[in-house]
Amino acid sequence: MHRYPRWPIHLALLLAGFVMLVPFYWVLKTSVSGENIYAYPPSIVPARIHPFFYVDVWYSIPFARYLLNSVVVSAIAVAGNVLFNAMAGYALTHGFRGKSTVVLLFLTCMMVPFQATIIPAYLITGRLGLLDSWLGLALPQCSTIICIFVFKASFDAVPRSLIDAARIDGLSEWRIVWHVMMPLSKSAIATNVILAFIWSWNNFLWPLIMTRSADMQTLPLGLARFLSYQEDTTGALYAFCIMVLAPGLLLFLLAQKEFMRGLTSGAVKG
Amino acid sequence: MASWARILMHRFVFVPGLLAVMAIAWNAYVFSHDHGIVEGRVVDAAGRPVAGATVALWVYNFTTYEEKEHVSTGADGVFRFTNNPSHRIQISAEKPGLGRSERVLVFLYFRSQDIAIAAPLRLAQGG
Amino acid sequence: MAAFWRVRHRTRQALLLWCFLAPSLAIFLLYRVLPVVWNLVLSFQYWSPLKAAEPAGFDHYEDLLADDVFWQALWNTLIVIASAPVGILIALMLALLVNSEIRGRDVYRTVIFTSYPLMTVAVAIIWRWMFDERVGLLNYAARASHLIDSPIPFLNSFIWALPCVIVANIWQMLGFYMIILLTGLQNIPHELHEAAAIDGANALRRFQRITLPLLRPSIFLAFVIGMLNSVTSFDLVYVMTGGGPGRATEILVTYIYKLGFMQTKFDDAAAVTVVFFVLLVATTWGANQFAGGDAGAAETE
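Protein chains in written order, with my numbering: chain E, 227 to 496; chain U, 8 to 134; chain H, 10 to 310.
Please keep in mind that the hints were generated in silico from the structure rather than gathered at the bench.
Ideal placement from N, C-alpha and C gives every residue a C-beta, glycine not left out.
Treat each hint with caution, since some may be false.
[Stated by the list, open to error] To be clear about the criterion: a stretch of chain H counts as covered by chain E if any three or more of its residues have a C-beta under 8 Å from a C-beta of chain E, and this derived list gives those stretches:
# : region
1 : 45-56
2 : 76-90
3 : 182-194
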């Protein structure tokens, strides 16, 4: 292999990193700035720093309620995902009549983006009486096809001998899944949890359509509503933005490997 | 390492655990310091404490400040409010003859935080 | 007798498997299959939540063809689709850089990927602030370096609004594209490169002859996902510009939302949804053809 100088690569990557991080810094600096944020020229590092916009946001909007809603909905979605996807993935590891139809159905469902279903989904949820409820918010997100295939791949890798031994021991199918397969699929579970959580946490359009009352709103919705209510003359909007980003960012930093692995493995499966 | 220590050090336990501990500690602090006491001093233009000045407390309400209550300073120029409900207040002082002070904006970290304002309210003529 | 029990066991087994599949199937049938069918049916009816449905024939589609906003939204959506390759190109360069043997590549990879898992609403607010006419960073930088004299109202201008939204979208998706391409790059066996180098091919030829063809499935995948994502980027458009000055940034998805949930014209919105869905399927199929066959089977052996 050729020896080529490293520093241009570092330079280019540093530039890319800078471009990726600067918007965060700009918003962060505005959220703690003690000066008039609309003064031109804007200061790169504000002279006076204070965290009081965060206090404002905490008290003037129901941040705790939005957070609770987001957490509950995401928890339901994650639990549903792990449960249903594992079951479906396990079923797909066996051959049965109609399996190829089911697989085809799943693959075609992947082609249908959520945005193309909003009107009927809203009407269906209305008929089910689930509008404005946590369950209604979480239900469409309780199963994802990518994750089903991730589980299937993980279950396929479990050695047959283990399953046969479990069957001989008299375990029912249900117990086989939970006591034999799942403990061996920790990375698939982690991937599923992370992906399901992030997708439901960031979901904006569905809560926008679904929620009627102000105290069932989730964080993204609360953030967008804040934008339209307040004239953003203070840094409060940006403090809210940072507060909303913090959990997602924290989770990402904690779980980077699982995240990237989940995206690529799911994506590669088509 | 002992197995319980290994579990504890795992990032998914350690970080949320740390956050929970911080949240509890912060809430304990808030709980013990939220009596709504606001103290401060009033001085005149020369720096001498002013007794009997009227100090007004303004409380943040959506976009403006509303006047909530008045209190008089004691002999040493010290005033004390006892039930501030808000996280953002303004105070101003006035004494007929000596003038009034500016409206000073005070940011608090949480509602009804007990605070002793360091800089005194300065009365000035023609305010 | 034993055969009877075997059959019983097999059907019980099959029944159990179907039970396992049931919850996921139910969710997909309810929230993916049924909506597509319902949309189609609804687009051929006059319906509002208070009245019964009446057949409408092709009326809604005729209304669509005569609707200026629809054409503007369609045009904007096509522009957004066409912008996906730009992002993929940049991500390809980044992936090549990150793939080289330098120290700290994991840090670079994480930093570049950070924007993807964030809430799109927050990203929209961040970029709204960056493009702000008074104190946005871009205006400030341009004025400070004397490129322009007076600030450009980026998000309020008919020419700049859509490109700005596209920039924000590419910023958010760069990390994701890069990860996909990086995985594809890392799957190319080293020996191929080494063999070619021994045979005397320089870096550029190696790239053209080895890297690029083997990367095609990843590029196709990135394109499809990127296109799907940008075309459905309701969050970004709604929060950044709300459809733009006039209708400059209106895309099909936002138009569907406005028709359906702000004007309560569910049947018109259903017709637009059908067109949107057809456009998506057509673009994906077209990309598939362009990538040379069933590139969806990206599990390259």
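To see whether the hints hold, each was checked on the structure:
1. Check on the region 45-56 of chain H: 4 of its residues sit with their Cβ under 8 Å from a Cβ of chain E, so the three-residue criterion for coverage holds.
2. Counting residues of the region 76-90 of chain H whose beta carbon lies closer than 8 Å to any beta carbon of chain E gives 0, which falls short of the minimum of three for the stated coverage.
3. Using a Cβ-Cβ cut-off of 8 Å, 6 residues of the region 182-194 of chain H lie near chain E, which meets the minimum of three, so the contact claim holds.
The structure fails to meet hint 2 from the earlier list, while all remaining hints are met.
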